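A.B. asks: Each residue of the sequence shown is one higher than the one before, starting from 394 at the first, in my numbering.
Hints in this document: simulated from the structure, not taken from any laboratory.
Do not rely on the hints blindly, as some may be mistaken.
[Stated by the list, open to error] The calculated SDA-like cross-link candidates involving lysine to any residue, where the alpha carbons are at most 20 angstroms apart (straight line), are:
1) K496 to V469
2) K522 to T584
3) K471 to S449
4) K496 to V444
5) K471 to S452
6) K471 to P500
7) K495 to S453
8) K471 to G563
9) K507 to V469
10) K560 to E540
11) K507 to T530
12) K521 to P582
13) K507 to S446
14) K521 to S396
15) K496 to S472
16) K537 to D526
17) K495 to K507
18) K521 to D585
19) K560 to T465
20) K560 to Q481
21) K507 to N542
22) K521 to P586
23) K533 to V517
24) K496 to D456
Model, not experiment: these values are computed from the prediction.
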Amino acid sequence: MTSIDSVTLEVPDPAAAADFYDAAFGLGELVRVRAANAATNGFRGYTLSLVVSQPSTVSSLIDSAVAAGATTLRPVQKSLWGYGGVVQAPDGAIWKVATSAKKDTGPATREIEKLVLLVAAADVTASKKFYVDRGLTVGKSFGKYVEFNMPSSPVQLGLYARRALAKDAGVTPDGGGSHRIAIGSPAGPFTDPDGFAWEAA
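With the hints as extra help, turn the sequences into a complete structure.
C.D. replies: See the structure below:
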């Protein structure tokens, strides 16, 4: 289990969602959509992060997402770790765009270095053990955060304590019902301790 090939977002209007993601981020087959109306409310327990090379690319992608219909949760700004912002897509998915670079080295591009799925874990230690038992290796682990080492995976995976992840996204941690996301991997199908469904890719 070393790869996540794609994530599938469950949305009320797949055509509208596909149009949004094409216009906002241009991620192609990495992010798929399908029709679903499973009950959900509040924070869905995950964020998707786009890691890019420089601040101007962060601003460009956030601007295109907002122009396509996203809502700003955290405006683009500098921080101790770099530069980033958070938006919520019309379908409810939360997206963070960030870079560790403090300065631009060239004109803005739409090139994305990494797509990272951060899952809110009720018990980070237990969820980490679950994934390690299925063959993943830990790349970074400190406190309430775990990042798995998946060098050949199109989509990266991390775990974060729910309250901390919600705070990072700029939302309250309250929420329930369906996550409205499925993870496509050769390792599927199974469901993790936090109820995230993995499907056979």
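A.B. asks: If a hint holds in the structure, say so; if it does not, say that too.
C.D. replies: Now the hints, each set against the structure:
1. K496 to V469: 14 angstroms, holds
2. K522 to T584: 14 angstroms, holds
3. K471 to S449: With a Cα-Cα distance of about 12 angstroms, the restraint between K471 and S449 holds, given a limit of 20 angstroms.
4. K496 to V444: 15 angstroms, holds
5. K471 to S452: Distance ~11 angstroms between K471 and S452 Cα, so the pair holds.
6. K471 to P500: Cα-Cα ~18 angstroms, so holds.
7. K495 to S453: 15 angstroms, holds
8. K471 to G563: Holds, because 15 angstroms separates the two Cα atoms, which is no more than 20 angstroms.
9. K507 to V469: 18 angstroms, holds
10. K560 to E540: It holds: about 18 angstroms lies between the C-alpha atoms, which stays within 20 angstroms.
11. K507 to T530: Between K507 and T530 the Cα gap is close to 18 angstroms, so the pair holds against 20 angstroms.
12. K521 to P582: 18 angstroms, holds
13. K507 to S446: Distance of about 10 angstroms is within 20 angstroms: holds.
14. K521 to S396: Status holds; Cα separation ~16 angstroms.
15. K496 to S472: 12 angstroms, holds
16. K537 to D526: It holds: about 19 angstroms lies between the C-alpha atoms, which stays within 20 angstroms.
17. K495 to K507: 18 angstroms, holds
18. K521 to D585: 10 angstroms, holds
19. K560 to T465: 14 angstroms, holds
20. K560 to Q481: 14 angstroms, holds
21. K507 to N542: Cα-Cα ~13 angstroms, so holds.
22. K521 to P586: 10 angstroms, holds
23. K533 to V517: At roughly 13 angstroms apart (the allowed maximum being 20 angstroms), V517 and K533 satisfy the hint.
24. K496 to D456: The hint holds at about 18 angstroms.
Checked against the numbered hints listed earlier, the structure breaks none of them; every hint is satisfied.
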